[in-house]
Each structure stands twice: as structure tokens, then as C-alpha cells.
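S.K.: Spelled out from the first residue to the last, the chains are:
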Amino acid sequence: MLRNRLGAVSAVAAVVVLAITAGTSSASHRVHGDAGNVVFMSTQLNGVTEREGFRTTIVKGFPGTVEKIDIPLGNTTIFPERIQAESSAGKGTISLLGGVHGDFTTLTQYLMDLSDVAKDLQKAGIPAELFTLGKLGTNKQYYIPWMQATYVMVANRKALSDLPKGADINSLSYGQLVQWAKKLKEHYGRPELGFPAGPTGLFNRFLQGYLLPAFTGHLNTSFKSKWAVAAWLYMDSLWKYVHPQSLTYNFMQDPLQSGEVMVAWDHVARFADALRNHPDDYVVFPAPAGPKGRAYMPVLAGLAIPKTAPNVAGAKQLIEFLDGVAAQARLPQIAGFFPVVAQRLSKQVGPGLLAVAAAVKKQQRSKDALASLLPVGLGAQGGNYNRVFIDTFTRIVINGEDINKVLADEGAKLQDVLNAAAAPCWKPDPPSTGTCQVGAN
Amino acid sequence: MTAVAEQAAAVPRLRRRWEGLPYWLILPTLGYLAVFFAWPMVQSFRLAFQDIGGNWSFDSVERMYHDADFKKALYFTLLLVLVIVPLQFVLAFVMALIVNARLRGGGLILFIFIIPFAVSDLAAGLVWQQIFTDAGYLNTILQHLGVIDQPKIWIDPRHGNWLLGEVVLAEMWRSTAFVMIILVAGLQGIPKEFGEAAEVFGAGFLQRIRTVILPMLKPALQVALLLRIIFAFEVFASVTAITGRAKTTLAGEALRWQGDLLDPHVAAAYSLLILVLSLVAALTVVRTLRTPKEKMLR
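In the order they appear, the protein sequences are chains G and E.
Here the first sequence is numbered in this note's numbering, starting from 1 and rising by one per residue.
Here the second sequence is numbered in this note's numbering, starting from 1 and rising by one per residue.
Don't read these hints as lab results, they were simulated from the structure.
Just so you know, not all the hints are guaranteed correct.
Calculated lysine-lysine pairs in the BS3-like style (CA-CA distance at most 30 angstroms, straight line) [claimed, not checked]:
id, chain 1, residue 1, chain 2, residue 2
1, G, LYS405, G, LYS292
2, G, LYS240, E, LYS192
3, G, LYS140, G, LYS240
4, G, LYS405, G, LYS427
5, E, LYS72, E, LYS152
6, G, LYS165, G, LYS185
7, G, LYS361, G, LYS158
8, G, LYS240, E, LYS218
9, G, LYS405, G, LYS165
10, G, LYS367, G, LYS292
11, G, LYS158, E, LYS71
12, G, LYS135, G, LYS123
13, G, LYS361, G, LYS119
14, G, LYS185, E, LYS152
15, G, LYS91, G, LYS123
16, G, LYS240, G, LYS185
17, G, LYS240, E, LYS152
18, E, LYS152, G, LYS413
19, G, LYS119, G, LYS135
20, G, LYS226, G, LYS367
21, E, LYS152, G, LYS183
22, G, LYS165, G, LYS182
23, G, LYS307, G, LYS140
24, G, LYS413, E, LYS72
25, G, LYS158, G, LYS185
26, G, LYS307, G, LYS119
27, E, LYS71, G, LYS405
28, E, LYS152, G, LYS182
29, G, LYS158, G, LYS183
30, G, LYS226, G, LYS292
31, G, LYS405, E, LYS72
32, G, LYS413, G, LYS135
33, G, LYS135, G, LYS361
Sample of chain G residues lacking proximity to chain E, with all beta carbon distances greater than 10 angstroms (derived) [as the list claims (entries may be wrong)]:
id, residue
34, THR57
35, SER87
36, THR93
37, LYS158
38, LEU238
39, PRO244
40, THR248
No residue lacks a Cβ here, since even glycine has one placed at the ideal position from N, Cα and C.
Can you make the complete structure from the sequences, with help from the hints?
M.R.: The following block contains the structure:
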């Protein structure tokens, strides 16, 4: 009897204590406008200087605390796995996610619809097409645009003397690139052109957004076309002058700085160290043009909130803070990324990154520019999609297999991937009704 | 009942209680093994042999087998095991003999031998990558010595054997100490008198090793071989760090299917294959190196 009564009393006491603590925490929330603690897991801004810059500069002035969890470079699997695990557990610790477009395409089922945040940010000056990308081909706003970037080429100034006659570095063609690479190899006795074709390198984007669209004008719909055959023949001839260690390169800033290669293609952020440390040693220039145009791929990073987020209000506040003018203006200095809000870059950015910005502008505004978007609507098939392109490259260029046979084999796999995701075509492929069809256009 | 009789009855009761104690003591270990080894094993078995709908099928295993990188990964993994393990045992045995010789400064030698063992396999891979890379330490030193005019490309996918050699070097550097420690422990269990007796009868150094030390070291060799082979089947970080995309292993493929291609079923099929290969290798080792009980040193 007594024990029962004691139990009842302690239960009541516990409820009262809980109510009081809950009351105080929500009260303090209201009074101070404090966004609380936001745990922010990000695949971006994870370099040593970027991490420090994010903590001390970008989130300075945010009314709350931000705990950033960095996904180690080269171990990107932690990102989806952690989100999946929190979802399976039904209880989350992470309130905000930061990643590039491709990081989110596989995770839509775990993400909240942020249409309300997008509405709040309408006047922030973010272009509407960036918001559309954040919908991942649906009518829900899965991520909010955060930073943008693209891929460019960088050369050591010493390599410029070997440029083929009459070539303008700002409007190179793929034909001139191979001549240049050949001359460099003859001059220095070793290959001087490099690509990030290592395990975590972004070489797949070179194939999807640069080489193939430049030769075919499309991507998936022309995967088996005679223009695609020409592109692969070209790649095969180019590879003779490419540093064989490219298969181990993930960030081209490293082999550029160590002098292993003189000319390289990569993501702008993956050149940032070299350009920040020795801006005078390098020139930044647009990717070459092929028969169908100067194809390039814009990159977009975004912010998303997982459905299991413990602090949704704080996370939304942080999104609006990070997309605010102040935080956006500080981005290029520390990250090599550019703001999504339209504005001019200040001189503080430094000569290296200003050169990148100039090259990006030239690339986008060249007469023959051909924008090829990051894959849209592939869902969990993103990894398999990339794999088809890397495997095609490996089989044709590294293993020397017959091009037509490889394109037939891998084309079938590519169609399987598109079917599995039921993905419609995206630019530069013409719009499709229903699933995008691999073809020979 | 008298007090004495009561006491007499209490003794077997006490003994009975103590007899059960060992079982209680291993219970936490069993629980740990069940939760962290047995259950995940059952889960990966189910993952490997079930499709997304939960129906039993061989689909994942077939996809693994038909994958372009499967044979490459299997071949390179087996090659690594076959090359690394024997080399490592010879080296570890020599190192263990040096440590066991109780030379002056022997403690320091042991310490130096063990340092690489404290380095993670990824870090070790990166260290060796820094040595072999085009602008790396090896080329810099060779250039300074005037051996080569310009850097030589060592990490060259067109030379598969070079890549193998580089990975083997990295793995030998990192994990030979592991084998050595077990062998040193084994050596220390061999009474000195045996060797001395053999010496009295005129056995030379090599003869003593062959007829006294090696046979008595068999149990330690067995343990070391067992563990080393199992670890060798799991290698991937050093391979990725040094060779990039040029070479791959079974464990590396399992990670890729899980992480990049988001297909835990094929990843589980890979890990089951690693388990089966490790089991077969372990059983072979246990059978071939079995020491009959009557021959065991008491």
C-alpha cells in the first residue's frame, strides 16, 4: 500500500519536474529568440581552413550554437548512412544537412519539404532555377540552395609557352588541348596533363558534363551515337599524354602544387589551396569546346533538414542565416565556392579566386557555352549512374576494349539505371515524356 | 541435526555453486559475441540471400559474380594473401629471433619494430603513397643521389606488378610486427635448455632452428598464421591509398557497393565471400599445422 502510494507520488513529482524544465526551455527560446543548438552535418567546407573559417567567420552572429559534423573527405558513405540510421532509429540528433546536389538525390525519403523556407527566401536574390534544382524533379523543396561552383582548368604558367600556335587559352578546343598535352610531353619528357580520376575524384563529372556533351550535344540520348564514339576515340588519344597516376588523384591542387602535373581539370574548390597559396603561378581558364559546344557543369550545394531533426525551427533559422547577404559574402574567401545570391565579389577574395570567378564567367558566357546539369531524379541510382561512365572509360581507355561493344554493353546498363529511377531526361538532353531513353542521337 | 552435520551438508552446496561460476563468468563474453558477431552475421546472410522484397534469391550473389570488378578484386586479394603472408612470416621470424636474442638495447629494437603496428592501415597507405608518388620521397632521394635525371612514375597502372609490390611493401611494413609479437611470445615459451642440449650434440644454428625452434613454435605459428590470413582478406585501405582506382580488393568492393552504389545486398554477398574464404584458409591452417597432443610440450 505504502509502496504504491510512494510510486504514485514520485511519478507525479517526475511529471511536474519535466513540465517545469520543458516550460523554462521553451520560455527562454521565446524570450531571447535563441535558435538553440543546431547540429549541422556537412560534406562541404570540411578542409582544415574551411572548417575553421566556417566556425569563426561564416556563422559569426548566428543567434544560437552550431555544432558542425564534418564528413571526412574520401569517406562520403558516412553521410547517407548516418541519415538512414537516424531515420531507422526514429530519433535524430542532426538538424541540418549540407551537401552538393548529388548528395541529396539519393536521400529524398528522409528529407523534409522546405517550401515554407523557400517562400521566406524569395527576396534573398537566389535565382529561381537554383530553387528548381533543389526540388530534385518533384514539387517538394528538398534542399535550399546554399553555394555554387563549377569545374575549370588550371595550368602552371610555365606550360603556356607550349600552347599550340594560334590557340587562345580562354577559348581552347579539345583538339588544341590534345596538341598542347602532346607538346608538353615532348618538351618535358613526361605527361603533364592530369585528371582527378582517383577513388574520390570527380572525373565522372568530366565525362558527363564536359567531354560527352561537348562532342555529342547531349548525354544519355546520344550515349551510343557516332559522336560518342568520336568522343571516346578522342579520350583514348588524349590519355597517352595524361599522367598515369591520374587514377590516384582526388584533388588536383595537390599534384599541381607538387609539380607532378602542369595542366589539370577539376572542381574550383579542389584548386582552392593552390590558387590561394600561389596565385601568380597559375592561370585559370574555361574547359575546352568540342564539335557541339563548350559544355560545362554548374555545381550547386544546398541545405536540407532531415525528418528526424530535433531542432527544426533552429535549423530553418540557420538556413536563412547562411543564405543571408553577410554569410554569403564571406563564402568565397574561405571555401572557393561562390554565393547563390546575386552580388558582386569583393576584392578581399584574393587574386586566385578572382581568377576563378573570371574563368567561370568566361565559361558561362562564351558564345558556344552548353550547360549540362547535374543528374536529376536518379534517387538511389546516383552511384550506379556514375559507375556506368567510369566503367565505360576504364574499359575503353584503360583496358583498350572495342568502343562499339562497350557502348552497347554499358548503354544497356545505363538504361537499366534510368529505368530503375524512372528518371526523365535533363539538360543537355531534350525533355522526354517518361523515362529518359539511351540512344544514338 | 547437529551443527557439524549441517556444516558437512553446506560444503557440497557451496562447491556446487562455485562449479557453476565459470559459466556465469563467460556469459558477458557470450552475450557480446552474440550481439556484435553472431547477429550481424545472420543479418548479412539474410541480406546476401534476400532481395529487396525479402524473398530468398541468389540475385545478389549473381550480380556480384557478374560484376566487372569482381574477378579483378578476387584475384588481387588472393594474390596479396599469397605474396604477403609467406614473406611476412620469414621476416617476422627473423625479427623475433633478433628480439629474443636479448641483445644490448633489445628493448629499443622491439620498440622500433612495433611502431608501424600502431599506424592505421589507411595512414600507412598514405605514408607509402607519399613515398612512391611522382614528386614523392623516393624520387627526391634518387634524384639527389644522381640515380635518375627526372622523377620516375612508380605508381603506374600500366605496370600491375609494380602496384602489387608497392602494396606488399606497405602491408609488410605495417603488420609484420603483429606476427612478430606472437612469435616472440612463442619463442619465450621454449626452454633455453633444449637449444643448449642440441648445441652440445653439435647442432649448428640453422639446424637448431629447423629441429628445435620451429617444431616447438608451431602452436604460435598457427595462431599468427590464422589471424594474419584473416586480416589479409580484409585489406583495402592501403590498396586504395596507394593505387587509387587502379586496383581493388574484395573488402574494397564491399565498401563500394554499400557506400557508393547503395546496395547492401551485394555488399553483404561480398562480405560473406570474405568470410567463406577466411574460414577455408583458417581450416587449412588448423589442419596442416595440427600438433598431436602426445607431441605437445607439457
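S.K.: If you check each hint against the structure, which ones fail?
M.R.: Structure breaks hints 2, 3, 8, 9, 11, 15, 18, 39, 40.
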